[in-house]
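Number of protein chains: 2
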Amino acid sequence: MKLIDGNIASPLGFSADGLHAGFKKRKLDFGWIVSEVPASVAGVYTTNQVIAAPLIVTKQAQQLEKMQAIVVNSGVANSCTGQKGLEDAYTMQEWTAKKLGIANDLVGVASTGVIGEFLPLDKLENGLSKIVVNGNADDFAQAILTTDTVTKTITVEETFGKDVVTMSGVAKGSGMIHPNMATMLAFITCDANISSQTLQKALSQKVETTFNQITVDGDTSTNDMVLVLSNGCTQNQEIIEGTEDYDRFVAMLHVVMTDLAKKIAKDGEGATKLIQVDVTGAKDSLSARMVAKSIVGSSLVKTAIFGEDANWGRIIAAIGYAGVDLDVEKIDIALEHLPVMIQSSPVSFDQEEMEEVMQKDQITISVNLNSGLESGRAWGCDLSYDYVKINALYRT
Amino acid sequence: MKLIDGNIASPLGFSADGLHAGFKKRKLDFGWIVSEVPASVAGVYTTNQVIAAPLIVTKQAQQLEKMQAIVVNSGVANSCTGQKGLEDAYTMQEWTAKKLGIANDLVGVASTGVIGEFLPLDKLENGLSKIVVNGNADDFAQAILTTDTVTKTITVEETFGKDVVTMSGVAKGSGMIHPNMATMLAFITCDANISSQTLQKALSQKVETTFNQITVDGDTSTNDMVLVLSNGCTQNQEIIEGTEDYDRFVAMLHVVMTDLAKKIAKDGEGATKLIQVDVTGAKDSLSARMVAKSIVGSSLVKTAIFGEDANWGRIIAAIGYAGVDLDVEKIDIALEHLPVMIQSSPVSFDQEEMEEVMQKDQITISVNLNSGLESGRAWGCDLSYDYVKINALYRT
Numbered sequence: 060m061k062l063i064d065g066n067i068a069s070p071l072g073f074s075a076d077g078l079h080a081g082f083k084k085r086k087l088d089f090g091w092i093v094s095e096v097p098a099s100v101a102g103v104y105t106t107n108q109v110i111a112a113p114l115i116v117t118k119q120a121q122q123l124e125k126m127q128a129i130v131v132n133s134g135v136a137n138s139c140t141g142q143k144g145l146e147d148a149y150t151m152q153e154w155t156a157k158k159l160g161i162a163n164d165l166v167g168v169a170s171t172g173v174i175g176e177f178l179p180l181d182k183l184e185n186g187l188s189k190i191v192v193n194g195n196a197d198d199f200a201q202a203i204l205t206t207d208t209v210t211k212t213i214t215v216e217e218t219f220g221k222d223v224v225t226m227s228g229v230a231k232g233s234g235m236i237h238p239n240m241a242t243m244l245a246f247i248t249c250d251a252n253i254s255s256q257t258l259q260k261a262l263s264q265k266v267e268t269t270f271n272q273i274t275v276d277g278d279t280s281t282n283d284m285v286l287v288l289s290n291g292c293t294q295n296q297e298i299i300e301g302t303e304d305y306d307r308f309v310a311m312l313h314v315v316m317t318d319l320a321k322k323i324a325k326d327g328e329g330a331t332k333l334i335q336v337d338v339t340g341a342k343d344s345l346s347a348r349m350v351a352k353s354i355v356g357s358s359l360v361k362t363a364i365f366g367e368d369a370n371w372g373r374i375i376a377a378i379g380y381a382g383v384d385l386d387v388e389k390i391d392i393a394l395e396h397l398p399v400m401i402q403s404s405p406v407s408f409d410q411e412e413m414e415e416v417m418q419k420d421q422i423t424i425s426v427n428l429n430s431g432l433e434s435g436r437a438w439g440c441d442l443s444y445d446y447v448k449i450n451a452l453y454r455t
Numbered sequence: 060m061k062l063i064d065g066n067i068a069s070p071l072g073f074s075a076d077g078l079h080a081g082f083k084k085r086k087l088d089f090g091w092i093v094s095e096v097p098a099s100v101a102g103v104y105t106t107n108q109v110i111a112a113p114l115i116v117t118k119q120a121q122q123l124e125k126m127q128a129i130v131v132n133s134g135v136a137n138s139c140t141g142q143k144g145l146e147d148a149y150t151m152q153e154w155t156a157k158k159l160g161i162a163n164d165l166v167g168v169a170s171t172g173v174i175g176e177f178l179p180l181d182k183l184e185n186g187l188s189k190i191v192v193n194g195n196a197d198d199f200a201q202a203i204l205t206t207d208t209v210t211k212t213i214t215v216e217e218t219f220g221k222d223v224v225t226m227s228g229v230a231k232g233s234g235m236i237h238p239n240m241a242t243m244l245a246f247i248t249c250d251a252n253i254s255s256q257t258l259q260k261a262l263s264q265k266v267e268t269t270f271n272q273i274t275v276d277g278d279t280s281t282n283d284m285v286l287v288l289s290n291g292c293t294q295n296q297e298i299i300e301g302t303e304d305y306d307r308f309v310a311m312l313h314v315v316m317t318d319l320a321k322k323i324a325k326d327g328e329g330a331t332k333l334i335q336v337d338v339t340g341a342k343d344s345l346s347a348r349m350v351a352k353s354i355v356g357s358s359l360v361k362t363a364i365f366g367e368d369a370n371w372g373r374i375i376a377a378i379g380y381a382g383v384d385l386d387v388e389k390i391d392i393a394l395e396h397l398p399v400m401i402q403s404s405p406v407s408f409d410q411e412e413m414e415e416v417m418q419k420d421q422i423t424i425s426v427n428l429n430s431g432l433e434s435g436r437a438w439g440c441d442l443s444y445d446y447v448k449i450n451a452l453y454r455t
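These protein sequence lines are chains U and P, in that order. Per my numbering, residue 60 is the first one in the first sequence, and the count goes up by one each step. Per my numbering, residue 60 is the first one in the second sequence, and the count goes up by one each step.
The hints are simulated quantities; they were obtained by calculation from the structure and are not laboratory data. Don't take each hint at face value.
One copy or two, either will do: identical chains are not told apart, so a pair holds if it fits within one copy or between any two.
Unchecked claim - Cut-off 25 Å, straight-line C-alpha distance, at most; resulting in silico cross-link-like pairs (BS3-like, lysine-lysine):
| hint | residue 1 | residue 2 |
| --- | --- | --- |
| 1 | 118 | 448 |
| 2 | 332 | 125 |
| 3 | 389 | 143 |
| 4 | 419 | 321 |
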């Protein structure tokens, strides 16, 4: 597998565009991804019981197992907007389909931004009048952002026999980030030949260890979704579960989703550092992931990392309330390469060396539960003054 | 029932003292509560699987169903200190018993402060050499504080036939506050005649709706405990379950525990406002409490309240991920007396009036799920720059 320069339109047969339609004051706020032909599709959605209107429309479209376009606006989430909101989401789907000359059901819709405001249809009309097929695909990554400070993209290439398959992902995150069996706004395109069922299986499997293992603030959004489109334009032999090709495809998905998940965690609101927690020696992988996510979700751990304080007492406390069956006498903890606790007893470390380590902009916390063979990983960010500032002043 | 001026030594037969022993630099850090006679005792403890040494010692003592003294230090939590920590906690119990001339098993011990440091026995010795029976009971409330900014006490009086029963509570809270079937350091004294079994039943029942319904930062400490001592010095007729006297006693406990819980929430680290969430119309009381606690625990709700922003979108999102079976179309939300959402649709409100409301130092969020008859309440505080500051710089 090879990392390449590219964007969401790099896989064969895809194009994308992004522009300013007026949902936000100045920044790009409207975009689409279009495939030349209907693509296989897989999706995962928020587990929040309060579900935004666009997710209802997109879930329904996805059930028909083909999708050809995804249209997205940022600035207004079209969430908690009742029957009118649902009608507006269908309108967004319908108008987009009309512009492309395809069936309504082939269009997925997504929105992100302020909850409780209606979608301004005049802005939608404005956006659709200006957007083009084969537009500037890099602008799509800009158009889906809210309080994000950077775009989040990755493109990879892999050989399948004589065929080269390209996969590209784009995501937005920032606040209200604590996916649970679903995730942020993330879109992945691929030109491989694979059925929707197989694609869904691969996506559902990989979401557990990637997007579901990040947290910024413990709040699960009403608008989270991940959509993967794979249009078969490579004309490779169909990828079937249980084959080496399938493993190779899942590996691509793993790299793309892990990369986007880490980029979302690192760009969490107000974040100054990426925190990675590696848990090993667990009885099962779910326990490992739960312990990792408990640590990375602790406000006290997050503030300590912001303060560059090697405060392992807060880490062991977060392990203790993770809701996992533990042998509390056998836990090892290290901050980067420096052990701070072995078999649940504090060990002394070089204070100067630790200070240096804590200044890094990515901190890895390693935990060995010494109770089994399974492992898990989670990502998050520190909790800074700026998180408070952004969220005391910004209206989600 | 009457609220009276008093302290933890107000119930008949109790005395207390507090002083500076050296666990902290300057502030009071050592104290005890002593009963003239062995008292009935009830306790609840942290559900964190990592349990500090003093809790192990106190739980064991409590099993004998009588307790006569509680000795406490602040500054060092004696948590994650292994076998030596456990021995030190037993030493604290033993030396205190010796000083009072009572059996070791009649002494409960508690510690709060930094995790992972050993208890300095010379400071303990120093404290015990200076502490007295019938000391300054108000100083006890000071001696148990860490980053708390105020003492937390309440004293009430109730008539049982011709007898007057007095009950007094004292607590410390601040950070690492997210009790779960157990709670902070809180001590309650009472002079009523009641068995340990009945007392435990009343305490366990009331902890669910009081201490377990507060959160500051979602972190559950390794040192949380609540102990209630009732020494019978009133010589009232024994309080038996199922009688009016029992209901009256439970009502006293309810007032004392609710008051201490609210005071802990209000004095959360960096807090500028107390948030109370009232949930009604739930299918069962546990669901109501879960929804209330989900809202009050949301970092996004907390920062919005700090920013005095009536951001109800974050409230409905927190209801949606509370893990409770909901009818998401029927939810009413109000901030103080101003409705913001009725039957899950936004309602407009007077912006000026709302701004005024949001400036209050206690904000009540009312939620009606319109799905049943049960209710629940939770308390918390806003999330401010100072929470980050305190925890980026302070070593728990």
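Each hint, compared with the structure:
| no. | hint | in the structure |
| --- | --- | --- |
| 1 | 118 x 448 | neither (35 Å within a copy, 43 Å between copies) |
| 2 | 332 x 125 | neither (39 Å within a copy, 51 Å between copies) |
| 3 | 389 x 143 | between (56 Å within a copy, 16 Å between copies) |
| 4 | 419 x 321 | within (16 Å within a copy, 39 Å between copies) |
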